[in-house]
Amino acid sequence: MLKLDNIQAGYGPVKVLQGVSFEARAGEVLCLMGRNGAGKTTTMKAIMGLLPLDSGQITLGDVTTSTLPPHEVPKQGIGYVPQGRRLFGGLTVAENIDVGLMTRGKGKKTREFVLDLFPRLRERLNQRSETLSGGEQQMLATARALCLEPSVLLLDEPTEGLQPSMIQLIRDTVDKMRDAGVAVVLVEQRVEAVLDMADQVVFIENGFSRETMTPDALRRDGALLKKYVGI
Amino acid sequence: MEFGPHLLLAVIEGSVGAAVLALTALGLSLVFGVMRVVNVAHGEFYMLGAVIAWYVATFLGAHPAVGFVGALILAPALVAVIAMLVDWLALKRVGYDPEATIVATIGFGYIFQQLTLMGFGPEARPVDPPFNSRIALPWFEFGENGLEFYFPWGLSVTSYKLFVIGAAAVLLIGFWLMLSRSKIGLVMRATELDRETAQAFGIPVDRVYAIVFGLGAGLAALAAVLIVPIQQAHYLMGHDPLLLSFIVVIIGGLGSIRGTIVAALLIGLSDGIISVFFSPTLAKIIATLLVAFVLVFRPQGLYGKKAA
Ligand SMILES: Nc1ncnc2c1ncn2[C@@H]1O[C@H](COP(=O)(O)OP(=O)(O)O)[C@@H](O)[C@H]1O
Ligand SMILES: [Mg+2]
Chain A
8 MLKLDNIQAG
18 YGPVKVLQGV
28 SFEARAGEVL
38 CLMGRNGAGK
48 TTTMKAIMGL
58 LPLDSGQITL
68 GDVTTSTLPP
78 HEVPKQGIGY
88 VPQGRRLFGG
98 LTVAENIDVG
108 LMTRGKGKKT
118 REFVLDLFPR
128 LRERLNQRSE
138 TLSGGEQQML
148 ATARALCLEP
158 SVLLLDEPTE
168 GLQPSMIQLI
178 RDTVDKMRDA
188 GVAVVLVEQR
198 VEAVLDMADQ
208 VVFIENGFSR
218 ETMTPDALRR
228 DGALLKKYVG
238 I
Chain B
134 MEFGPHLLLA
144 VIEGSVGAAV
154 LALTALGLSL
164 VFGVMRVVNV
174 AHGEFYMLGA
184 VIAWYVATFL
194 GAHPAVGFVG
204 ALILAPALVA
214 VIAMLVDWLA
224 LKRVGYDPEA
234 TIVATIGFGY
244 IFQQLTLMGF
254 GPEARPVDPP
264 FNSRIALPWF
274 EFGENGLEFY
284 FPWGLSVTSY
294 KLFVIGAAAV
304 LLIGFWLMLS
314 RSKIGLVMRA
324 TELDRETAQA
334 FGIPVDRVYA
344 IVFGLGAGLA
354 ALAAVLIVPI
364 QQAHYLMGHD
374 PLLLSFIVVI
384 IGGLGSIRGT
394 IVAALLIGLS
404 DGIISVFFSP
414 TLAKIIATLL
424 VAFVLVFRPQ
434 GLYGKKAA
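Just so you know, the sequences run in chain order A and B.
Be aware that the first sequence starts at 8, since it is given in the numbering used here, and climbs by one per residue.
Be aware that the second sequence starts at 134, since it is given in the numbering used here, and climbs by one per residue.
Honestly, the hints are just simulated from the structure, not real lab data.
There may be inaccurate statements among the hints.
In silico DSS-like cross-links for lysine-lysine, where the CA-CA straight-line distance does not exceed 25 Å [said to hold, decoys possible]:
(1) A:K115 x B:K316
(2) A:K82 x B:K316
(3) B:K225 x A:K82
(4) A:K113 x B:K316
(5) B:K316 x A:K116
Cβ pair distances, simulated, as ranges [unchecked claim]:
(6) A:F120 x B:P231: 33 to 43 Å
(7) A:F120 x B:L422: 49 to 59 Å
(8) A:P171 x B:V227: 41 to 51 Å
(9) A:D61 x B:G252: 44 to 54 Å
(10) A:D228 x B:M311: 58 to 68 Å
(11) A:Y18 x B:G307: 34 to 44 Å
(12) A:T66 x B:A425: 57 to 67 Å
(13) B:L193 x A:Q90: 53 to 63 Å
Quick caveat, the model's predicted, so the values are computed rather than measured.
Where a beta carbon is used, it is the ideal one built from N, C-alpha and C, also for glycine.
Modelling step: build the complete structure from the supplied sequences, incorporating the hints.
In structure tokens, the structure reads:
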């Protein structure tokens, strides 16, 4: 489905990604793990075309997305939930959703679908999104990405700083999307969550992707976790 | 003339200035808000609007109304295209770096000014207003028979000036509706708030920037076409509008539409009233002092957000 082939990318002269490869498959959750500053967020941005690649390529099915202009990448069906949510804070809940719907020209049906997933948002449609609580903001960031009816969903630390009930809601949503055949790429720091949800786990270290493995293998080999995430 | 009628006259003159200033400053504010570009060439886009209006009106000849309507459509459109070329030639190439774009727009401003001097010449040239009848205004007085209306000598306004005020009001409301209700307005606001995330949701930020820069310059040109039947076209006419627009944008709060309009009314009206009763120089001194006060006590402007 979504395939990264030995990509290298960075911010101008700063090289961050030195060689990242993995393939996210439809109906599966791929978890990215690694220490702070390892390059997880940078990998997500590179997938979205927000950073030019220095080498390597990214393909979605038959389409090479890494040569497209940035605004064409999401139109291929990649929904992005950025780290820190990155809502359009001065826009209302409804307007944030409209921006998501516009990306691939989706309409009322999609809007109703995401609002049914997060009924709390429906009650706050005319509220400025920067005045929402943290959990509500995360719902909106997720809803906005789902407005694309994506075939690939990228979530960058979506549960960071949330209460347990909210974390559960986000996890349920991820499960639903996976069951619906979406390829999910999830950056997640908490090991139990990863072991619970992942079909594949990819470690990123100093801009390289290291082992790709299954949660079962990870459970058997605790040393790996210690090596890459320091637990 | 007595004080009351005199004040009414000053308010009308001030409103004409405020109307034109609001449109001009809105262009500057929009460009800064969305693109973080301080467009020093804004005054020259205004000037180009007036000069092109003169060419269009002269070329079309016929009845003044034909020339004026032609200018009202063609001048802002042409100026918008010129601005989009500047965006493509220079601003985009320096990556919209705040300092580099200041230098670039200073350069383009000079180029436009000198080209106009070479082509259009140093004279001021008038454009005929489409209509220009004098309308006497009534004033009232409490006499022996209660409230009495009469027409004081000298209390009159041209129909064209009233048209300028009305047209600017319609344009401002239209602009506000475009920004707050339309799809392209939503796209502009999203780009303003977070350029990178906007891209991640399919918004072609480069194209939005080009449109915004064209629209900003077009607003200045539109304001100039409205004023040119009153003030004449001249290659140096862009200085004052640029300065006043900066004053308005600083007082209103950079990038705030509401603040820009409120501050334009404040500055435009006080400029008109003080000019009529005292002197235009005093009006400029007070406006500049007001900027100093705002910068000291409320640096984000009346409606601006505090810097994060
Ligand atoms: N905008 C930027 N400009 C320069 N360097 C950056 C930028 N953003 C992140 N980096 C650097 O890239 C590296 C990887 O960051 P990031 O991908 O955010 O890590 P992670 O998400 O794994 O914590 C870090 O060393 C960080 O300092
Ligand atoms: Mg990160």
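Hints versus structure:
Distance check on the hinted pair: K115 of chain A and K316 of chain B sit about 15 Å apart at the alpha-carbon level, within 25 Å; holds. Taking the CA atoms of K82 of chain A and K316 of chain B, the gap is near 17 Å; set against the 25 Å cutoff, the hint holds. Among the hinted pairs, K225 of chain B with K82 of chain A is consistent with the structure: their alpha-carbon atoms are about 24 Å apart, no more than 25 Å. The suggested pairing of K113 of chain A with K316 of chain B holds, with an alpha-carbon distance near 14 Å, which does not exceed 25 Å.
Annotation: proposed proximity of K316 of chain B to K116 of chain A holds, straight-line Cα distance about 19 Å (limit 25 Å). The supplied range of 33 to 43 Å is met by F120 of chain A and P231 of chain B, whose beta-carbon atoms lie about 42 Å from each other. Separated by about 57 Å at the C-beta atoms, F120 of chain A and L422 of chain B satisfy the suggested range of 49 to 59 Å. Restraint check, P171 of chain A to V227 of chain B: a C-beta distance of roughly 48 Å satisfies the suggested window 41 to 51 Å.
At about 48 Å, the beta-carbon gap between D61 of chain A and G252 of chain B stays in the expected band of 44 to 54 Å. Distance hint check for D228 of chain A and M311 of chain B: the Cβ-Cβ separation is about 60 Å, which falls inside the suggested range of 58 to 68 Å. For the pair Y18 of chain A and G307 of chain B, the beta carbons lie near 41 Å from each other, so the given range of 34 to 44 Å is met. Range check, T66 of chain A to A425 of chain B: Cβ separation about 58 Å, and the 57 to 67 Å hint holds.
Range check, L193 of chain B to Q90 of chain A: Cβ separation about 58 Å, and the 53 to 63 Å hint holds.
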